[in-house]
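A.B. asks: The lines below spell out each chain.
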Amino acid sequence: KAGVTQTPRYLIKTRGQQVTLSCSPISGHRSVSWYQQTPGQGLQFLFEYFSETQRNKGNFPGRFSGRQFSNSRSEMNVSTLELGDSALYLCASSLRTGSPPYEQYFGPGTRLTVT
Amino acid sequence: QQQVKQSPQSLIVQKGGISIINCAYENTAFDYFPWYQQFPGKGPALLIAIRPDVSEKKEGRFTISFNKSAKQFSLHIMDSQPGDSATYFCAASRLQGTYKYIFGTGTRLKVLA
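As they're listed, the protein sequences go chains U and R. When we follow the numbering used here, the leftmost residue of the first sequence carries the number 1, and every step to the right adds one. When we follow the numbering used here, the leftmost residue of the second sequence carries the number 116, and every step to the right adds one.
Bear in mind the hints are in silico, worked out from the structure with no lab data behind them. There may be inaccurate statements among the hints.
Claimed, not checked - Straight-line C-alpha distance at most 27 Å; calculated DSS-like pairs for lysine-lysine:
(1) K225/R - K172/R
(2) K13/U - K157/R
(3) K57/U - K157/R
(4) K57/U - K120/R
(5) K186/R - K57/U
Produce the complete structure using the sequences and hints provided.
C.D. replies: What follows is the structure, encoded as structure tokens:
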């Protein structure tokens, strides 16, 4: 079974621009969560989508948004990029059915650099 | 209330030694505590997890010790190997309700050959 794939793997953007990151979950997984990873901050939860609906949201500004499609693929958008948005953005997929815990499987991440 | 504090930030251990990483949480509603291992260029991968109804869980060389009253849990890596060199993250979650993971800040482990 193929793992979680994220595209692109690397991205360089300029302040003020917007960016869209893509995540394809493991086949059959209906939940996709997004995390921002920065040195010293660890992984910070952005949001989770399940069956095309946002189920949970972290403490990030409204510039960070996401969506999920009917095939469970998810996109994350960051508008008006700031230097502090430079980070590794990780996507994790989960089956989210049956009894918890629902193990999360992470993709390799998209490294975003904002200049 | 939502924080998970992890220490140390980095750790250097000799081959064959014991690596110990500690985490503390505040929210007593957390009832699932996984540990993740991340190698450079890869996403984190689940290593081992524990629920608060047990005080210890062992899988191979990896052991989680859990102290519910102190709201602390730790990862012990016995007979540490150079291949264990990675970043380790603890996390906490609630199994019901708003099911999301709160991660610690990570520990970079280097095992010297």
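A.B. asks: Below or equal to 27 Å on CA atoms is what counts here, so check K13/U against K157/R.
C.D. replies: 22 Å, holds
A.B. asks: Is K186/R close enough to K57/U, meaning Cα to Cα at most 27 Å?
C.D. replies: 25 Å, holds
A.B. asks: For the pair supplied as a hint, K57/U and K157/R, is the alpha-carbon distance within the 27 Å limit?
C.D. replies: Judged against 27 Å, a Cα distance of about 24 Å means the pair holds.
A.B. asks: Does K57/U pair with K120/R here, judged by a C-alpha cut-off of 27 Å?
C.D. replies: Since the Cα atoms of K57/U and K120/R sit roughly 21 Å apart, the hinted pair holds (cutoff 27 Å).
A.B. asks: Run the distance test for K225/R versus K172/R: straight-line Cα separation, threshold 27 Å.
C.D. replies: 23 Å, holds
Checked against the numbered hints above, the structure violates none of them.
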